[in-house]
Structure formats: C-alpha cells, structure tokens
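Take these sequences, add in the hints, and give me the full structure.
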Amino acid sequence: MLEMQDNIQVCVKGLKKNFGKLEVLKGIDVQIKKGEVVVLLGPSGSGKSTFLRCLNRLEEITAGKVSVDGIDITDKKVNINKVRENVGMVFQHFNLFPHMTVLDNVMLAPVELKKKTKEEAKEEGKRLLERVGMSSKAEVYPPQLSGGQKQRVAIARALAMNPDVMLFDEPTSALDPEMVGEVLQVMKQLARDGMTMIVVTHEIGFAREVASRVIFMDEGYIVEEGTPDELITNPKESRTIDFLSKVL
Amino acid sequence: MPAVLESLFNILNSYSGMLLSALGETLLLTLLSLIFAFVIGLFFGLLNVSKSKILNIIGTIYVDGIRGVPLMVLAFFIYFGIPGAISASGISDFKMSALVAGTIALSLNAGAYMAEIFRAGIQSVDKGQMEAARSLGLPYSISMKKVVLPQAIRTMIPSIINQFIISLKDTSILMVIGFPEITLAGKIIAGNTFDPLVTWGIVAVMYMIIIISLSRLAKVVERRINVGDAR
Numbered sequence: 001m002l003e004m005q006d007n008i009q010v011c012v013k014g015l016k017k018n019f020g021k022l023e024v025l026k027g028i029d030v031q032i033k034k035g036e037v038v039v040l041l042g043p044s045g046s047g048k049s050t051f052l053r054c055l056n057r058l059e060e061i062t063a064g065k066v067s068v069d070g071i072d073i074t075d076k077k078v079n080i081n082k083v084r085e086n087v088g089m090v091f092q093h094f095n096l097f098p099h100m101t102v103l104d105n106v107m108l109a110p111v112e113l114k115k116k117t118k119e120e121a122k123e124e125g126k127r128l129l130e131r132v133g134m135s136s137k138a139e140v141y142p143p144q145l146s147g148g149q150k151q152r153v154a155i156a157r158a159l160a161m162n163p164d165v166m167l168f169d170e171p172t173s174a175l176d177p178e179m180v181g182e183v184l185q186v187m188k189q190l191a192r193d194g195m196t197m198i199v200v201t202h203e204i205g206f207a208r209e210v211a212s213r214v215i216f217m218d219e220g221y222i223v224e225e226g227t228p229d230e231l232i233t234n235p236k237e238s239r240t241i242d243f244l245s246k247v248l
Numbered sequence: 001m002p003a004v005l006e007s008l009f010n011i012l013n014s015y016s017g018m019l020l021s022a023l024g025e026t027l028l029l030t031l032l033s034l035i036f037a038f039v040i041g042l043f044f045g046l047l048n049v050s051k052s053k054i055l056n057i058i059g060t061i062y063v064d065g066i067r068g069v070p071l072m073v074l075a076f077f078i079y080f081g082i083p084g085a086i087s088a089s090g091i092s093d094f095k096m097s098a099l100v101a102g103t104i105a106l107s108l109n110a111g112a113y114m115a116e117i118f119r120a121g122i123q124s125v126d127k128g129q130m131e132a133a134r135s136l137g138l139p140y141s142i143s144m145k146k147v148v149l150p151q152a153i154r155t156m157i158p159s160i161i162n163q164f165i166i167s168l169k170d171t172s173i174l175m176v177i178g179f180p181e182i183t184l185a186g187k188i189i190a191g192n193t194f195d196p197l198v199t200w201g202i203v204a205v206m207y208m209i210i211i212i213s214l215s216r217l218a219k220v221v222e223r224r225i226n227v228g229d230a231r
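Those protein sequence lines, which keep their order, are chains A and B. Going left to right, the first sequence walks through residues 1 to 248 as UniProt numbering numbers them. Going left to right, the second sequence walks through residues 1 to 231 as UniProt numbering numbers them.
No wet-lab data here; the hints were simulated from the structure. Being a predicted model, the structure only gives us computed values, none of them experimental. Any given hint could be a false lead.
As the list claims (entries may be wrong) - Distance ranges between label pairs, derived from CB positions:
hint: 1; chain 1: B; residue 1: V220; chain 2: A; residue 2: K246; range: 26 to 34 Å
hint: 2; chain 1: B; residue 1: G24; chain 2: A; residue 2: E60; range: 50 to 58 Å
hint: 3; chain 1: B; residue 1: I212; chain 2: A; residue 2: P143; range: 32 to 40 Å
hint: 4; chain 1: B; residue 1: P158; chain 2: A; residue 2: I71; range: 43 to 51 Å
hint: 5; chain 1: B; residue 1: I61; chain 2: A; residue 2: P143; range: 33 to 41 Å
hint: 6; chain 1: B; residue 1: I212; chain 2: A; residue 2: E60; range: 44 to 52 Å
hint: 7; chain 1: B; residue 1: A204; chain 2: A; residue 2: S146; range: 49 to 57 Å
Yeah, the Cβ is synthetic: ideal placement off N, Cα and C, and Gly gets one too.
The structure is reproduced here in structure tokens:
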C-alpha cells in the first residue's frame, strides 16, 4: 500500500476552477502513477486544457488540492518555479522563443537556472535535439521551421529540465495533417522511455495505441475513465458514446 | 533678397559659435533625458503590466499625473518650486542648474510616455511566450528579461525614436528656465540683430535637419528589424 502511494506522481482532489462566474472545472479527482500515459478526451470547452494548466499552476486553482511528486502546489508557500522544473509542458502553438536559435531555446532554462554550465547545456541540448530528430536545425531560428519541426523542438526544450512529468496541451492541433505523424512519433518514443505523460488531444489513434488510461471529460467533470479498450472501444456513458461517434 | 542673404551671412558669421554650442546643449539635454526616460519608462511600464493591482495603480498615477501637467509647468515647478521650498525651510541655500532641472523635467515627462510605449510593447508579445518561459521553471523576472522584453523592444523601436523626436522638440520649452538651448539662442540673436525672420529661419532649419536625420535613422532601423523578423 505504501509503495502504491510512492508511485503516485500527480494527485488531484476536488479540483475546481472558475473564470469569474464561469465554472470550468467542477470537481476533478485523479491519481496518476509514475510512467502512466494518460490521454484526456472531450469536446472543446469541457475543461481539458484548463485541467492540464492547473497541474503546473499556469492557472490559479480555485479550490481543491493538486500535488505533484508529493508537493502540494496549492500551498501558497510552495516555490512553484521549483515544481515547474519537474513538469514539462508542450503547447498547442509551440511558443518557441523566436529571437533565439533552436539550440538556445533548449539551453535557456538549464543555463538561467544554473542547473548546468553553458557547455553542459549545449551538449545536453544537442543530444535532446538529436532525440527529436532536429539536430541539423540547431542554429536555425524558429520562424524558419515547419509546424511539426517547431513542436519537436518544443518537446526537446521541455525535456531540457529533465522533468518527471510531461503535459501536452493539444500538441498536434495546430499542425498541418502531414506533420502530425512526426510529432506523435516523438511522443510515442517518450512514452516507451517511461515518461509520465498527460496528453490533451483529439488523436484517438494515439490514445488507443499509447495511452495506459483514457479520461473522458465533459462540462468540467470526468465522465468516464478506463483503458483505451474500455473507454474507446466499449464506452458506457451516453455522453462518451455520443462524443466518440462524432470523432471516430 | 540681397539684404536677407547679407543678414544670413552676418548672423552665421557672428553667432555660429553660439548656435552650435546651443545645439550641443539641446542634444545633451535630449540624450540625458531619454536615457533616464528609458529607465523610468521601463520601471513604470513593468508596474503597469504587473498582475498586482497596487503596482498598477502606482504606475497609472505616475503616467496620468505627469501627462496631465504641461512640461513648462513641470519645469517651473522643479526649477523654482523645489529649490525655493528647500531654501525657505532653511536647510540650505539650494540652487539647481537649468541643466539639472531641465533634465529632470524632460525625463519625467518623456518617462511617462515611455512607460506607455513599454506597456504596449510588452503587451504586444504573445502571452504564450511568458507561459512557455514560466512553464520551464523560470521566474517572472528572468522570463521578462530574456524572453518578453527582447521581443517587445523590437516592436517598440519606432515609437522610441518618435519619442526621441518629440523630446528633442520639447527641449525648446526649457528656454523658460534659462537653459541655453537653440530656441533661447534664437531669442537672444533675434533681439541683438533685429532680424527675427532670418534668425528664426536658421533655428527652424537646425531643428529640421536633426529631426529629419533622426526620422531617416528610424526608417533604416525599422527596416532592419523587419528583415530580422523574416529570418
């Protein structure tokens, strides 16, 4: 039982988030274990992205508890920057820094936070770019890259701080269809390497193939969760069935 | 026509030294003020984009307060008001030079406008940039310095040069506190020569030459930035 507790990487209890009077999350309870790949599905406006952004407190949490690696991030006294070092995030619109080369994008955080010397960060940055197949573009500026290339660099940048958890917020939604595959490929490799991943996506195929658990959200609640087989192939709730019939 | 030309040569001959030193004073005051205004603008611009309501209010009070006072009034207040108050209180017989008072007045004035330029520049940077930096664990200050400001300043450069031009012209107002800039020189020369047409014509052309060169410079810089964006 204790060992189970140690394995919990992300623990969410009664999470609520309001934007003004609008209730976006109405009480979310989830536990995510080390090495799990959790895919969040749901219609737009269901609160998936907001939920993800609460996990590194990019959104202030209205009520409830969220702990990452055993640290309660809703505690005002907690150093959120320290927590974020361990939680990588990949955004729908990449958000690469356009005024820095690809390599400098990847090196920025480790160097500024003095985790590594410039030389070490450069080595590690090159290795990470290699891992996402972008080493040939190390000295290029982001505006010259295609969407798929940008997102792969963004993944390398998020990995540079050596996070335990990676959050993906619709990583392929802004991509041309022919570029979705290369990004999913990198994500699959990451999953195989044992990274704990929480992924908001509309790629049902990715969920079916890679997810250890799929969570279906609607209107600020978790409606249903289970293995891909349980949730995607044999959904029980009518809202899940309805949603899947529209996207499959 | 020959009379005008003769007068022009006479004035240039007798007063070129005075005009040039006045030009130097004008440029010195403008440059000093802009450097301070940049720092003031950065500071209050950051207050105005902060999430803290209190800091926003402080920033707004500064910007609105300074923008609500004509530069000439501000200059009088600083040049006569402050030393007067200090002397009257008996602490010391305090005198402020016109350069110091002029620099303070123009810096405060331009600083308020620069604060707005900084605010707009910072807000023009996509919010995702700050979020991406913060998500890596970088604190707000480093994210601002390394990620947001470098991008903001590129978009701000045309506005900054515009403010440069405005401040340069505003130095003429500081003749009222006896600062020896070009307009004050013009007033003295016009009084001595009894030829206001030629004197003010020369002064106008001097302003025009500097300002047109600055605008050209602005265009070149702007083009450079746009080329940089396309890389």
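Each hint, compared with the structure:
no., hint, verdict
1, B:V220 to A:K246: 26 to 34 Å, "55 Å, violated"
2, B:G24 to A:E60: 50 to 58 Å, "54 Å, holds"
3, B:I212 to A:P143: 32 to 40 Å, "33 Å, holds"
4, B:P158 to A:I71: 43 to 51 Å, "46 Å, holds"
5, B:I61 to A:P143: 33 to 41 Å, "39 Å, holds"
6, B:I212 to A:E60: 44 to 52 Å, "51 Å, holds"
7, B:A204 to A:S146: 49 to 57 Å, "54 Å, holds"
Of the numbered hints listed earlier, the single one contradicted by the structure is hint 1.
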